[in-house]
Amino acid sequence: MSIDRRSFVTAAAAVGALGTGALTGRAAFAQQPAGKPVRVGGTLALTGPLSATGLVHKLTGEIYVEQLNQRGGLLGRPVEWVLKDDQSKPDLARTLYEQLVTADKVDLLIGPYATGAILSAMGVAQRYNKTLVHHTFGIPSLAKYDQQFPAWSLGPDPEKSMPAMVLDMLATSPKPPKTIAIVTSKFPSVHFVALGVREVAKQRGIKEVLFLEWDFGNRDFGPIAGRVKEANPDFIWNGAIGLEGNQLLDAMKKIDYAPLHHFYHVPAPAPMLKAPEANGALATTIFEDHPPFTDNPTAAEFVKVYRERAAKAGMPDTAVETQAAASFSAWQIIEAAVVATKGLDDKAMAAWLRANKVDTIQGKLRFNERGNFGDDLGKVKQVQNGKWVVVWPKEWAAPGAKLQTRGVAS
Amino acid sequence: MNFPSATLLAQSVLAGLFTGALYGLLGLGLSLSWGMLRQINLAHFALAFLGAYLTYELSSHRGIDPLLTLAVIVPLFFVLGVALHWVLTRFRVSPFNSLLVTFGITVIIEALLQWTWTADYRKLESSYAEHKLQIGPLFLPVPELITLVLGVGISLAVWFALRSTDLGKAMRAAAEDAPIAAAFGVNQNALALMLSGLNAALAGVAGVCIALAYTLSPSQIYAWIGVVFAAVMLGGLGRPLGPLIAGCVIGVTEAVTMTVTAPSWAPLVSFSLLMFVLLVRPGRVA
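In the order they appear, the protein sequences are chains Y and S.
First residue of the first sequence? That's 1 in this note's numbering, and the numbers climb one at a time after it.
First residue of the second sequence? That's 1 in this note's numbering, and the numbers climb one at a time after it.
Cross-link-like lysine-lysine pairs, in silico, DSS-like; alpha carbons within 25 Å at most:
| # | chain 1 | residue 1 | chain 2 | residue 2 |
| --- | --- | --- | --- | --- |
| 1 | Y | K274 | S | K123 |
| 2 | Y | K229 | Y | K202 |
| 3 | Y | K347 | Y | K364 |
| 4 | Y | K58 | Y | K364 |
| 5 | Y | K253 | S | K123 |
| 6 | Y | K58 | S | K123 |
| 7 | Y | K387 | Y | K253 |
| 8 | Y | K253 | S | K132 |
| 9 | Y | K342 | Y | K36 |
| 10 | Y | K229 | S | K132 |
| 11 | Y | K274 | S | K132 |
| 12 | Y | K312 | Y | K84 |
| 13 | Y | K186 | Y | K160 |
| 14 | Y | K207 | Y | K229 |
| 15 | Y | K160 | Y | K178 |
| 16 | Y | K387 | Y | K402 |
| 17 | Y | K387 | S | K123 |
| 18 | Y | K160 | Y | K175 |
| 19 | Y | K312 | S | K123 |
| 20 | Y | K207 | Y | K186 |
| 21 | Y | K342 | Y | K364 |
| 22 | Y | K144 | Y | K160 |
| 23 | Y | K186 | Y | K229 |
| 24 | Y | K312 | Y | K387 |
Now the in silico label distances, taken between C-beta atoms and shown as ranges:
| # | chain 1 | residue 1 | chain 2 | residue 2 | range |
| --- | --- | --- | --- | --- | --- |
| 25 | Y | T172 | S | T7 | 31 to 41 Å |
| 26 | Y | E208 | S | F276 | 27 to 37 Å |
| 27 | S | L100 | Y | R127 | 32 to 42 Å |
| 28 | Y | G343 | S | R62 | 50 to 60 Å |
| 29 | Y | R307 | S | R62 | 24 to 34 Å |
| 30 | Y | Q203 | S | A111 | 44 to 54 Å |
| 31 | S | V87 | Y | A103 | 29 to 39 Å |
| 32 | Y | L195 | S | L138 | 28 to 38 Å |
| 33 | Y | P393 | S | G153 | 52 to 62 Å |
| 34 | Y | R370 | S | R62 | 45 to 55 Å |
| 35 | Y | Q203 | S | I64 | 48 to 58 Å |
| 36 | S | V87 | Y | L75 | 49 to 59 Å |
| 37 | Y | E98 | S | A111 | 23 to 33 Å |
| 38 | Y | D295 | S | G136 | 47 to 57 Å |
It is worth saying that the hints were derived from the structure and are not from the lab.
All residues carry an ideal CB built from backbone N, CA and C; glycine is no exception.
Using the sequences and the hints given, assemble the complete structure.
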């Protein structure tokens with residue numbers, strides 16, 4: 001972590017004062033945007049297997065664009081979001097980005113979410129020398145294009161930094177793990193981190209008692225749960241994506257097994273909250289909608305509006321967490337680059353972004369390491385009494401929240 | 001590699017049987033439709049998920065016991081099945097084209113599910129999920145037991161009905177040689193409508209089982225197609241016990257593979273088994 005909570009809150013307050021003023025009070029006095037709209041094009045998985053999360057990004061983008069226009073748009077012009085449905089298909093995302101550049105002739109590009117679709121969009125952006133800011137790209141080593149900018153502060157080497165952070169935290173628990181089971185989907189963006197966990201655990205002298213991989217889309221987690229139970233590790237690193245975390249928890253519950261420490265790489269946040277057996281589950285995050293994150297007025301205002309709109313849209317989870325925060329940050333990055341360069345020139349924006357830091361609701365982002373990633377601003381959250389709360393690093397913990405091991409606080 | 005304990009192996013076999021029973025239940029209607037009506041009904045999977053979502057809705061928001069939703073879902077789906085067959089015969093859809101038409105219906109139903117319940121995950125919280133039986137070191141979760149009992153019971157009932165009742169014999173005769181059956185007074189059209197209704201009702205029952213044991217999202221319709229088709233082909237078209245037996249063979253094979261080797265090998269082993277059986281005994285295993 002390169003920034004501490006105090007400097008974040010100070011910076012956030014400054015940005016927030018600017019942002020919230022713009023979002024609320026000042027909106028009424030902002031100059032009405034006029035002229036030809038600045039068109040920002042992108043795709044999202046509005047249908048298909050990734051669409052549950054796609055709706056989070058859609059809602060976030062709608063809120064941001066609406067508020068951006070209320071405070072004067074970009075360069076005094078209104079902002080129009082040209083959004084297409086990539087149906088959760090990376091190949092379709094490629095075609096649609098091609099359309100956005102050549103047929104729709106959008107001024108700027110904003111990325112889809114999910115690594116596969118972002119890679120597709122990145123290829124098109126590179127072909128046309130467009131700058132691409134994207135939401136949640138999971139494999140920094142694959143981000144080769146120098147005009148792409150990640151909004152998810154994963155750091156350049158998450159396969160090292162993420163397990164190190166989680167094991168640092170567990171070392172403070174009353175029962176630090178001496179053995180580990182690493183079970184993982186072979187989905188690329190979680191698999192390489194699971195392989196990194198093997199190395200980090202080995203370096204720390206934690207004995208690996210089980211390593212299992214399954215294909216994405218696996219339905220039967222009973223045998224995997226049985227093997228975990230038989231290995232009985234102190235800590236399970238679950239390279240699960242989406243529902244897989246719930247499926248393994250459910251399968252373990254059916255054979256009467258409750259793990260001691262258990263981490264899920266990319267869980268489905270809402271279903272995990274609703275499963276009683278998930279109490280104590282750990283995951284990584286860049287933002288949760290509780291203090292100190294919401295001490296930033298921009299973040300607080302966004303959380304408030306998002307909750308209202310998500311409830312109105314009938315979404316089962318109305319909390320702002322990693323996906324919505326990364327999405328919001330992507331728009332913040334675009335706005336910052338346009339404002340700073342006073343134009344829509346892709347090369348100028350890219351050069352500015354590589355040389356400067358951008359204040360976002362997840363913290364200050366920089367883009368000057370491998371794949372234009374910067375600091376790993378990840379935190380660890382835990383399900384406690386039906387809520388996700390950040391427990392690590394301690395300065396980012398929710399008020400009064402501490403790491404719990406089977407319901408007992410560290 | 002550590003060899004798994006006997007308890008772990010036995011628990012895996014049970015898990016495979018439970019999963020296999022659901023493969024069998026899903027495959028039963030598909031097999032009858034394909035074998036006796038000459039319709040490759042891909043919409044069967046979409047109907048099953050529609051049944052699962054209705055179960056979720058009726059149980060979560062109307063407070064109806066999930067098993068009691070069968071009283072609504074079975075007749076409703078019977079009517080849907082009748083309507084589907086009427087449309088397919090009215091427009092003289094060929095067996096191959098039925099694959100395309102029912103794929104289209106699947107996409108429409110998926111869109112309807114997403115429009116109604118959104119793409120977010122939905123989980124039916126029922127009291128059944130909290131219960132499990134224990135026999136020695138082995139655990140038998142109640143939702144999976146219900147699926148197994150329904151799968152075995154319904155497959156046996158359909159097998160008995162087709163084999164031993166006049167109605168069943170008439171259906172088999174119509175499927176075998178429609179003109180000759182008609183010459184003996186069999187009303188082929190009425191029987192086909194009835195059989196299509198039964199198949200859709202079976203999809204509804206499978207949907208209730210899916211809702212009891214799995215988290216729902218519209219796109220998961222497609223996750224079942226490959227393995228259930230394998231169970232249907234292994235079991236033999238139009239054979240009521242075939243999908244159940246083949247489903248259990250696949251389920252147990254996959255579960256034991258996951259227990260003994262890497263879980264990612266499971267699909268490879270089950271589909272290798274399918275190819276082997278089709279080579280050795282073309283057509284079916286059951």
